[in-house]
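Residue numbers (my numbering), protein chains in the order written: chain R, 6 to 718; chain Z, 6 to 718.
Keep in mind that the hints were calculated from the coordinates and are not lab data. Do not rely on the hints blindly, as some may be mistaken.
It does not matter which identical chain is meant; a pair holds if it fits inside one copy or across any two.
Listed below are the simulated BS3-like cross-link pairs for lysine-lysine, each with C-alpha atoms no more than 27 Å apart in a straight line [unchecked claim]:
hint: 1; residue 1: Lys61; residue 2: Lys373
hint: 2; residue 1: Lys530; residue 2: Lys193
hint: 3; residue 1: Lys695; residue 2: Lys128
hint: 4; residue 1: Lys524; residue 2: Lys595
hint: 5; residue 1: Lys69; residue 2: Lys530
hint: 6; residue 1: Lys69; residue 2: Lys622
hint: 7; residue 1: Lys198; residue 2: Lys110
hint: 8; residue 1: Lys710; residue 2: Lys368
hint: 9; residue 1: Lys45; residue 2: Lys59
hint: 10; residue 1: Lys529; residue 2: Lys91
hint: 11; residue 1: Lys373; residue 2: Lys69
hint: 12; residue 1: Lys373; residue 2: Lys121
hint: 13; residue 1: Lys515; residue 2: Lys647
hint: 14; residue 1: Lys128; residue 2: Lys554
hint: 15; residue 1: Lys235; residue 2: Lys45
hint: 16; residue 1: Lys595; residue 2: Lys235
hint: 17; residue 1: Lys91; residue 2: Lys178
hint: 18; residue 1: Lys38; residue 2: Lys373
hint: 19; residue 1: Lys368; residue 2: Lys178
hint: 20; residue 1: Lys91; residue 2: Lys530
hint: 21; residue 1: Lys315; residue 2: Lys121
hint: 22; residue 1: Lys695; residue 2: Lys54
hint: 23; residue 1: Lys45; residue 2: Lys568
hint: 24; residue 1: Lys554; residue 2: Lys110
hint: 25; residue 1: Lys529; residue 2: Lys69
Each chain, written out:
There are 2 protein chains.
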Amino acid sequence: MNCLKKLVLVPFCLIFIGQAYTQEHPGIMMTKKNVAAIRKGVNIYPLLKSAYAKVKSSADQALKEPMLVPAPADGGGGYTHEAHKKNYTNILNCGIAYQISGDRKYAAYISAILLKYAAEYEKWPLHPKRKEGEGGRMFWQSLNDFVWQVYTIQGYDMAYDAIQPKDRQTIEKHLFIPIMDFFTKDCKETFDKIHNHGTWDIAAVGMTGYVLHKPEYVEMAINGSDKNGKTGYLAQLNQLFSPDGYYTEGPYYQRYALLPFVIFAKAIYNYQPELHIFNYRNQLLAKAINTSLQLTYTNGAFFPINDAIKDKTYESTEMVYGLDIAYADINPQPDLLDIAERQNTVIISDAGLKIAAAIAAGKAKPFKYTSQWIGDGASGNDGGLGILRYGSNDDQQCLLFKAAAQGMGHVHFDRLNILYYDHGQEVLADYGAARFINIETKGGGGYLPENNTWAKQTVAHNTIVVDQSSAFKANLKDAATYHPDLLAFKANANIQVVSAADDHAYPGVKLVRTTALIKIEGLKKALLLDVFKASSAEQHQYDLPFWYKGNLVDASFKIEAAKDNLKALGTQYGYQHLWLNSQNSIASGKGYVTVLNANNFYTTSFASSIPAALEVKLVSLGANDPQMNLVDSKAFILSQPKAKNQTFVSITENHGSTDPVAEVVTGAAADVTELTVLGANDQLTTVSFKLKGKQYTLRINYTDKNNFIQLTQ
Amino acid sequence: MNCLKKLVLVPFCLIFIGQAYTQEHPGIMMTKKNVAAIRKGVNIYPLLKSAYAKVKSSADQALKEPMLVPAPADGGGGYTHEAHKKNYTNILNCGIAYQISGDRKYAAYISAILLKYAAEYEKWPLHPKRKEGEGGRMFWQSLNDFVWQVYTIQGYDMAYDAIQPKDRQTIEKHLFIPIMDFFTKDCKETFDKIHNHGTWDIAAVGMTGYVLHKPEYVEMAINGSDKNGKTGYLAQLNQLFSPDGYYTEGPYYQRYALLPFVIFAKAIYNYQPELHIFNYRNQLLAKAINTSLQLTYTNGAFFPINDAIKDKTYESTEMVYGLDIAYADINPQPDLLDIAERQNTVIISDAGLKIAAAIAAGKAKPFKYTSQWIGDGASGNDGGLGILRYGSNDDQQCLLFKAAAQGMGHVHFDRLNILYYDHGQEVLADYGAARFINIETKGGGGYLPENNTWAKQTVAHNTIVVDQSSAFKANLKDAATYHPDLLAFKANANIQVVSAADDHAYPGVKLVRTTALIKIEGLKKALLLDVFKASSAEQHQYDLPFWYKGNLVDASFKIEAAKDNLKALGTQYGYQHLWLNSQNSIASGKGYVTVLNANNFYTTSFASSIPAALEVKLVSLGANDPQMNLVDSKAFILSQPKAKNQTFVSITENHGSTDPVAEVVTGAAADVTELTVLGANDQLTTVSFKLKGKQYTLRINYTDKNNFIQLTQ
């Protein structure tokens, strides 16, 4: 992994041994000094009130049901698995309910169930359903054991004062200390891993160390099992996030990894404020939380690059924790409150109180989505993500340009990929992961075989494919060796541009992609310009897919789709999953395709630098998918069968819409016409087009960062 | 057409000649005596205020733009077409703006533009782009000319008092009278047709007759060109609607046809209240409006049976007119106000004032969707539609059972078809029309060739197909000769059932379908039971498609989908458009299919009366579609290759859901198991199944209407 090699050693030395810190319970998300205020707050502030109502109702439900602590037996989704999962949620909810209501019955539940666990835990061997190297004792994978402890220790902390000292002794001696032994010794490899499983392990150990007042555990958690800073929490913070707060596996996993990071940070902040953990690496945690939010479209969904579940939004619990802490403990930006309102809940905590009070006081401002470059890698120089946005949060055009590093096993082979959104919809889409999460009947809810054969392959993305292969031939180790390089990023009002290059995805081929949102006076929406240049000393086939959503309603060429005997387009690198519906030769090398997407018309006008041999292939997904695991997807592919140098230029515009209720169509015809590549070489790409009767010339100067792109009329 | 043959002659004699009626302007949607109140109302009632703001803004825009009255030249969507369409909207808006603001500039616009028309109209020959027999003079089809006049005469009526008498004389003599001549003489065939084009013609002529005080036109409009009641408005009301207010072409066209019916009725009501037009045929118009609303799902969309555009909702203008008049002039049901709120507008009119005032007074109640049988045909006995609903308007299960008559050319060959909705979504869907309405690039925006080859064919629907053919071999004349017959309809609280039979769709085959929503204690949702029985003395292939929305996530059989060389399933009757993805033999004749639809799990458990040879075919749409006109659709087909008598039984249940944000799945497994056909003959079908450990027996007794369906445990 390239992030490991570029380890940034930050001189941040912590002295723990013998250091005393204040010991009060509770002391993590909710602290003793704030309990009275939170108790008041749940009666005053609507968001806190409704959030507490849910917690209390769950806690009350827990008290009604039989207390079950079964010997671990089942895998994910099975009976014992779900029982132990439910128990930690109950413990947390009862802890909160005890603190807020003061009713000792909730604390009694926690005491009783933890005594049950204490009576059983030491008898449990490694889980019978474990896979090699990652088994837990309660759960089939140790990750779930860590998560169990992160939640449970918070519940214990909240009930602490109400549990008999002798019971506390039993619980600690026969449950938590054995768990700590397991997490730090048996699971040492994971504890020392720079990986999100390791983060959960560390957070569990560190938080338990604070609550039980065992500084030894805290120091191991922060500085690694060898206490030398090479592993542990700080090493993870250094290596897993870029200076811009980007997590190397992408937004879906960034959200997931965030929770143990922020919750343990909150514990450190409370117990050892002198460590200024929230200021570490220039407020890295605040950046990570903010960057997570910037990595969403205005509908709240994370950009689904890499192995991502597409419906995931910032409403997820991890982001509620992250946002509450970011606002309350790091930087109270009023636009975070906008997101909190959309999350429609808060954590019942010191932070949740602040958020709910601020919202009730009318302090929320619309979230500030901004166009930006987010650097990847520990140093921030391993490529990154470009985000261009135009328009208000209600109706925003948004382009994501992916020129990030490979970043471990969940990352796809999609160098220089783009995603495009408008009118609240995906316009050019990413497939995300081939996975029906938690749906047992679909490969046990895990990644499906098609995640490797399809979703990770280059052709599944809106980026160039050379010779019907995948970038790095889909080899992770090779891919992790190199990263793309940023050429230019500018976000002026009327021309926003991002450009990056990659020389290694395909041996001997130099790829340079430049995309821009260009606002021209008189048009409501910006135009999406895309200039994709491939250069090589040898001849190659260059394919550029556009994975569109909606229905194709017009094209400059006559479509003659296959009527029967539909064939797969290829045999490997994802091409085996494509049905070739139609193949069209474009004699002029120019043309357009119009798609109707959620009642909006999008026309992509395209032009090739080598006109003669251009083809457009219309494909749909589903070949060689015996279990029918793949979901419907359609693309048009600009294809150059044989060329050394090839530049694909396209302009995608939203030029009109249809109102099916009123049965009225407006702006059905594209505004951009006569798109032409005037010249394309290593230094310059020059393009012309007509728009509403005016002629425009667009020049990209790859060697001049200051005047990278120029539009003249 | 069978509706014509069964003409109900209602003894409703109107005497017009020489009868004087009050002549005041305006006198149609807005009447002189109410103008002052509406003027006040637009300042007081939010809905009237916002509706007027839109009208006035459009009127102001009209005054700013050049007044264009081009000689007709272009077809639908072309320049002159759009210019004349825009003019009638402007005339209506300016009429309203004049009445409400009192500003004569709006009336001056109307006067000026109508004088322009008067100077030109008589010179215009039949439209150059006309098709045989239906050409207009302003537009390529006369229908648009009628629509033009329906709107324009209202604008003229509203500006009447402000137009100079000599100008009125010019406008009437050189525009409206020539138009009347054209509509009643040149277009006599359409005028006398029992068809929605005829309705528009009649409404235009009748309304103009009232406004110009020419009773001759009014009488022709009401009683037909021969004034004998065999044609004209009343004849249309008698023949096009069933006594339950169902329009023979289905909801999509019902909505469209409704506007000229209600607006002309309103004119009759104002000018000749003694005719009690709204009481005609037991308040038929009120029923037609109410029935239109009952023919929607809770998301506002009309059931898309027959040639329907699927996004059409009750927010369309026609339904705003209809609803306003139904509430204001016929029956002020408070639940109509719920729909008005969802429409979020009213007509600036006497009726709109009442609605807006009632809503402002908080009188709205939730719209009462009710389970009901709606008879088809002039007598109401030509089959019909069964609607079963369970649950609140927020989360309603809804089944539409189509056992209606053929009803003219827009009707599909889908005897005994069902549509099923839940959680605001289509679960078992109808394709609707193969048409991208108004999208010029898709067959000029009209019906595509695939409307005949696919959308109308039986296999495109959730109903049985015999021998891979279509009902009546898709011959309209044959289909119109027969209608299905209702066997039973009951809508008790816990078992709602509808059953109908058809003996003619396939010669020698008797089809009986029974569907029910069955609420069992302990389940949140009702079960959808479907029992489809086909009987014949000869052997046939029986196919029963389920056109589902969403993704197939589980099945009782192992799916082995075609990996390459995908083949069309057949060569005609729509089968040529189906890709056969997978064909599975079900040795036991029993099984299930689970679909994930908008995060909800639906399992269809099925069982066949002849177990051995049952097959399940998984198909998707798109073969033999060279222009790629068809939109993505998927089905599983229960197929019995050879049998005389075959009963397909299925239970479809929503048993759980997935929350992709919280990544939690609940109720992933179906509750119904061991569905078995115990017996199936002409008199009885007996079925058993298990649910949550209990055994249930379900008996359908076709000969006992009172105990048609019985469930025992």
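Hints and how they fare:
1. Lys61 to Lys373: For Lys61 and Lys373, the Cα distance exceeds 27 Å both inside one copy (34 Å) and across copies (36 Å).
2. Lys530 to Lys193: neither (54 Å within a copy, 49 Å between copies)
3. Lys695 to Lys128: Neither, since 77 Å and 40 Å both go past 27 Å.
4. Lys524 to Lys595: within (23 Å within a copy, 60 Å between copies)
5. Lys69 to Lys530: between (57 Å within a copy, 25 Å between copies)
6. Lys69 to Lys622: neither (61 Å within a copy, 48 Å between copies)
7. Lys198 to Lys110: neither (40 Å within a copy, 79 Å between copies)
8. Lys710 to Lys368: Close neither inside one copy (40 Å) nor across copies (65 Å); limit 27 Å.
9. Lys45 to Lys59: Within one copy only: 17 Å inside a chain, 47 Å across chains, cut-off 27 Å.
10. Lys529 to Lys91: between (51 Å within a copy, 23 Å between copies)
11. Lys373 to Lys69: neither (45 Å within a copy, 38 Å between copies)
12. Lys373 to Lys121: neither (49 Å within a copy, 54 Å between copies)
13. Lys515 to Lys647: Only inside one copy: Lys515 and Lys647 sit 16 Å apart there, 61 Å across copies, limit 27 Å.
14. Lys128 to Lys554: neither (54 Å within a copy, 49 Å between copies)
15. Lys235 to Lys45: neither (45 Å within a copy, 78 Å between copies)
16. Lys595 to Lys235: Cα proximity of Lys595 and Lys235: none, with 56 Å in one copy and 60 Å across.
17. Lys91 to Lys178: within (23 Å within a copy, 83 Å between copies)
18. Lys38 to Lys373: Intra 33 Å, inter 53 Å, cutoff 27 Å: neither.
19. Lys368 to Lys178: So Lys368 and Lys178 fail the 27 Å test inside a copy (47 Å) and across (66 Å) alike.
20. Lys91 to Lys530: between (49 Å within a copy, 25 Å between copies)
21. Lys315 to Lys121: neither (40 Å within a copy, 58 Å between copies)
22. Lys695 to Lys54: neither (58 Å within a copy, 43 Å between copies)
23. Lys45 to Lys568: Neither. Shortest intra-copy (69 Å) and inter-copy (63 Å) distances fail the 27 Å Cα cut-off.
24. Lys554 to Lys110: neither (54 Å within a copy, 48 Å between copies)
25. Lys529 to Lys69: Classified as between; 22 Å across copies, 58 Å inside a copy.
Taken one by one, the earlier hints fail for this structure at numbers 1, 2, 3, 6, 7, 8, 11, 12, 14, 15, 16, 18, 19, 21, 22, 23 and 24, listed in ascending order.
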